[in-house]
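A.B. asks: Protein chains in written order, with the numbering used here: chain A, 1 to 426; chain B, 1001 to 1349.
Hints are supplied without guarantee of correctness; some may be wrong.
List of simulated lysine-lysine pairs, DSSO-like, C-alpha gap at most 27 Å [unchecked claim]: (1) Lys1227(B) - Lys1323(B); (2) Lys326(A) - Lys1202(B); (3) Lys1197(B) - Lys326(A); (4) Lys177(A) - Lys1184(B); (5) Lys1254(B) - Lys1323(B); (6) Lys269(A) - Lys1197(B); (7) Lys1197(B) - Lys297(A); (8) Lys1334(B) - Lys326(A); (9) Lys189(A) - Lys1254(B); (10) Lys1157(B) - Lys1184(B); (11) Lys1304(B) - Lys1326(B); (12) Lys189(A) - Lys177(A); (13) Lys1202(B) - Lys269(A).
It is worth saying that the hints were derived from the structure and are not from the lab. Keep in mind the model is a prediction, meaning the values are calculated, not measured.
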Amino acid sequence: MKLDVGYILIKDIVFAEKSEIKDGILRLNAKELETLVLEDERFLAVSFDIARPGESVRITPVKDVIEPRAKVEGQGDIFPGVISKVDVVGSGKTHVLRGAAVVTVGKVVGFQEGIIDMTGLGAEYTPFSKTTNLVADFTPRDGLTPHDYEAALRFAGLKLAYALGRLGVNISPDESKVYEFPSLMEGIKLYPDLPRVGYVQMLQSQGLLHDTYVYGVDMKQSLTTMLSPTEIMDGAIISGNCVSACDKNTTYHHQNNPVIEDLFAEHGKTLNFAAMVITNENVYLADKIRSSDWTAKLVDHLDLDGVIISQEGFGNPDTDLIMNCKKVEATGTKTVIITNEYAGRDGTSQSLADADPSADALVTGGNSNQVVTLPKLDRVIGTLDYTEKIAGGFAGNVGSDGSITVEIQAITGSTNELGFNYMSAR
Amino acid sequence: MPKYKVVHYINQFYAGIGGEEKADYKPEIRDGAVGPGTAFASAFGDEAEIIKTIVCGDSYFNENLSEATKTLVDMVRGLDADVFIAGPAFNAGRYGVACATICSAVSDELGIPVLTGMFPENPGAEMFLDRLYIIETGANAAGMRNAVPKMAALALKLASGAPIGASIEEGYLPGGARVNFFEKERGSKRAVDMLLKKMAGKPFVTEYPMPDFDRVPPNPAVADISKATVALVTSGGIVPKGNPDRIESSSASKYGEYDITGVLDLTAETYETAHGGYDPIYANQDADRVLPVDVLREFEKEGKIGKLYNKFYTTVGNGTSTKSSKLFAQEFSKKLKENNVQAVILTST
Chain A
1 MKLDVGYILI
11 KDIVFAEKSE
21 IKDGILRLNA
31 KELETLVLED
41 ERFLAVSFDI
51 ARPGESVRIT
61 PVKDVIEPRA
71 KVEGQGDIFP
81 GVISKVDVVG
91 SGKTHVLRGA
101 AVVTVGKVVG
111 FQEGIIDMTG
121 LGAEYTPFSK
131 TTNLVADFTP
141 RDGLTPHDYE
151 AALRFAGLKL
161 AYALGRLGVN
171 ISPDESKVYE
181 FPSLMEGIKL
191 YPDLPRVGYV
201 QMLQSQGLLH
211 DTYVYGVDMK
221 QSLTTMLSPT
231 EIMDGAIISG
241 NCVSACDKNT
251 TYHHQNNPVI
261 EDLFAEHGKT
271 LNFAAMVITN
281 ENVYLADKIR
291 SSDWTAKLVD
301 HLDLDGVIIS
311 QEGFGNPDTD
321 LIMNCKKVEA
331 TGTKTVIITN
341 EYAGRDGTSQ
351 SLADADPSAD
361 ALVTGGNSNQ
371 VVTLPKLDRV
381 IGTLDYTEKI
391 AGGFAGNVGS
401 DGSITVEIQA
411 ITGSTNELGF
421 NYMSAR
Chain B
1001 MPKYKVVHYI
1011 NQFYAGIGGE
1021 EKADYKPEIR
1031 DGAVGPGTAF
1041 ASAFGDEAEI
1051 IKTIVCGDSY
1061 FNENLSEATK
1071 TLVDMVRGLD
1081 ADVFIAGPAF
1091 NAGRYGVACA
1101 TICSAVSDEL
1111 GIPVLTGMFP
1121 ENPGAEMFLD
1131 RLYIIETGAN
1141 AAGMRNAVPK
1151 MAALALKLAS
1161 GAPIGASIEE
1171 GYLPGGARVN
1181 FFEKERGSKR
1191 AVDMLLKKMA
1201 GKPFVTEYPM
1211 PDFDRVPPNP
1221 AVADISKATV
1231 ALVTSGGIVP
1241 KGNPDRIESS
1251 SASKYGEYDI
1261 TGVLDLTAET
1271 YETAHGGYDP
1281 IYANQDADRV
1291 LPVDVLREFE
1301 KEGKIGKLYN
1311 KFYTTVGNGT
1321 STKSSKLFAQ
1331 EFSKKLKENN
1341 VQAVILTST
C-alpha cells in the first residue's frame, strides 16, 4: 500500500463567518459546528473554545484528542466503519491539518479524563500544548448514562475532526511524505539483506469504557490480526477509552503513531518494515493466553527478525505485554517493548506489575507517579471539579494559590507507551 | 553568597599516611582539604569549601565497624556541613564499604546530604546502591580525573537542595529511585535503535532492567473451611459511601479498614468504589460484585464457612506501586493473623 500524506500547516484557529482555511489559518463557523454535533440528541449543549500554545489555559477533563484529516484520493474515507462507510483505507492521498487538533471535554467517569496545560510546567509533559486546539465542551442531557455519554463524545469528536479535515481537501499541502508499505514478497525482493522487522501494537480492550475500535469493530471481540500501517494514518484505529490520561492512546496518537513513523524512517535503509500486527488487552486470562499465542504465531509465521511491542494502559495489561514478549522471544524473534512505569511517588517501587527475564530490551515513557505542582492558569476550559478525584489526584491537592498538585498520571499523554514523547526514566 | 561547607572522608592511603601497613590507622580529623580533596576544592571554585577532612584506615574501619562509624559520625556532628563526600573508592573493596557505610550513617543520623563514588563492582556499591548517590568511577585512581567533576557537580546540587536528575544525567549508579528525565530522542526512535542493535547482536542498554519479581506461591488449601474465619480483602476500592478516608482513585497512599458487623448486603446507598481504573457503574450499583459480603453471609448462615471476619481491608490497586501494596498488606496481614483469620478471599478488578 502506498499513501501520500500532505501536511497543511495550520498556524492558528479563529472563529469566523465562513469555515475555510486561508493562509494557514483555520477559520471556523462555530454555529455550523454546533449544529453538526447537536444532531446527537444525547447532548444538551456544546461550547467551543480555542486553546493556543503558550496561552495561560488549562483544559480538563479531557476525553480525546483527534487530528483533522481528509481523504483526497483513493479508496475509502477517514475513520472507516465509524464516520465513513466501511472500506479499505491506507492508499491514495490524505491531507492533514498539521498543528491543529480537536479536543473533546466532558466528565464521563471523572477519574479517567485528563489535563492539558498550554503553558508552564504541565505543558512540558503533554504533546497537546504544542497544537492549536479546538476544544469542544459538551453538556449531556440529564440521566445520560456514562456509556452513552462516552459513545456520544467519541462520535462528536470524530465528526468535528472529519468536518475540519474536509476544509483542507482543496488546499495544496505545505509538505508531503509518501509512505509505501510493500507486500511481504516485494519487501523481501527489494531489501534482501535487511532485517525484517514488525510492529506489534497492543490495543486497550479491557472493556467497560476501556475500548479501542478498528474499522468500527470493538477490538476485544477480535483475534490478533494484521493491517497496513498506512491504514492507521487514515483513522482505521480510534480511541474509545476512559483510562488514566498519561498512557491513554488518543485517536491523535493512533493517527500519528510514532513507532510506525520511525520504522518507516529506517525502512529500506537499516531495516525492512515487513508487518504490522494488532492485538488486544482483554481481561480474561483465556483471552490473554489466546491473543498472545496468536501474536507469537503470526510473528513466527512471518519469519520476522525483530518486533517492537507497544502497550496501552498499565497493571493488568502489563501481563499481556510480558506474555507477548516472552512468547515472541521464544520463537527466536528479538523484541523491544515500550511501556511506562508506576514506581511510586518516590520512585523506589518495582515499576511493572509483571516481569520476565526475556524482556531484556525495554523503552520507558517514564514514571507516571511522579508528582508535579501545576501553577494556576488564567483560564480553565471545562471544569476543575474533578481535580482531586482524577487518577493522579488526591484529597487536598488544590493549593490556596490555585495551583494543583498531581501525579503526571493526570496529564494527557505524559507517559505515552507508543514512544510519542522524549521522557524516559532511570 | 557564603560557600557551602563540605566534609570529606578519605582512607589512610589517599591521606598520604601509607598503604596496607597503615590500614589500621585510627580516625582523625584535619582542617581543610587533603589528598583528592584538593582536586575537589578546585572543582568547587568559589561555590564550596572543604572545611574538614576525616581520615581512617580501611582495616580499622572494617574491623571496628560500629565503633568506627560512631566515632566518625560524631566527628561530622556539629560541623554544620552542607554536604558530606566520601572517596572516591574506585574498586577498593574495604574502602568502598567504608565510604558507603559512613555516608549512610551520616545521612541517617545527621540528615546531611551525602555522596560517594566507586566502581560498579565494588561491594560497597552493591550493598548501598538503593540508598546512596554513588557516582560511577573507573576501577582505579586513574579514574580520579573523570570522577571529581561529576562528584563535585552533584555535591553542589545536594548542598543547594536543587532537584537531582536521573542517574544517567548525573552519573550516579542506577538501582535506587527511578527518576524521570527528557531524552534526546523520542521513545519510538529509541526502540527502533535498540532493536537494530539487539538484532545485530551488538550491546544495548535497556531502560529498565527486569526486577526480581516477587512471586508468592499460594498457601495449601484450608483444611476445613466450614470452621474457618474468612476475611475479605480487595484492591477494587470498595469503601463506605462517600469514601470517608478519601482513598485516592489511583496511586493509593493508604488502605481502609471497615467494620461490617451486621452488614448483610452492600447496597448502592451504603457502599461504592473509589477505584479510578475501571468503569465504576456496576460496582456502585452493587458493591457485592467486587466485595461479595452478601454471598459470604449466606455461606455463613448455611455453615459453608465458619464465619465472616467483621472487618474488611480495602485499597485501590489502580496505579498503586507494588511497594505501597506490599506495605499495606504487611500491616493488615498482621491484624488478620492476630484475630485468628484462617482464610482470606482477595478480590481484584
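A.B. asks: It remains to establish, for every hint, whether it holds in the given structure.
C.D. replies: A quick look at each hint next to the structure:
1. Lys1227(B) - Lys1323(B): Not satisfied, since the Cα-Cα distance of roughly 34 Å exceeds 27 Å.
2. Lys326(A) - Lys1202(B): 21 Å, holds
3. Lys1197(B) - Lys326(A): Holds. Lys1197(B) to Lys326(A) sits at ~19 Å (cutoff 27 Å).
4. Lys177(A) - Lys1184(B): 24 Å, holds
5. Lys1254(B) - Lys1323(B): 12 Å, holds
6. Lys269(A) - Lys1197(B): 14 Å, holds
7. Lys1197(B) - Lys297(A): 24 Å, holds
8. Lys1334(B) - Lys326(A): 36 Å, violated
9. Lys189(A) - Lys1254(B): 59 Å, violated
10. Lys1157(B) - Lys1184(B): The given pair, whose Cα atoms are some 23 Å apart, holds under the 27 Å limit.
11. Lys1304(B) - Lys1326(B): 30 Å, violated
12. Lys189(A) - Lys177(A): 23 Å, holds
13. Lys1202(B) - Lys269(A): 18 Å, holds
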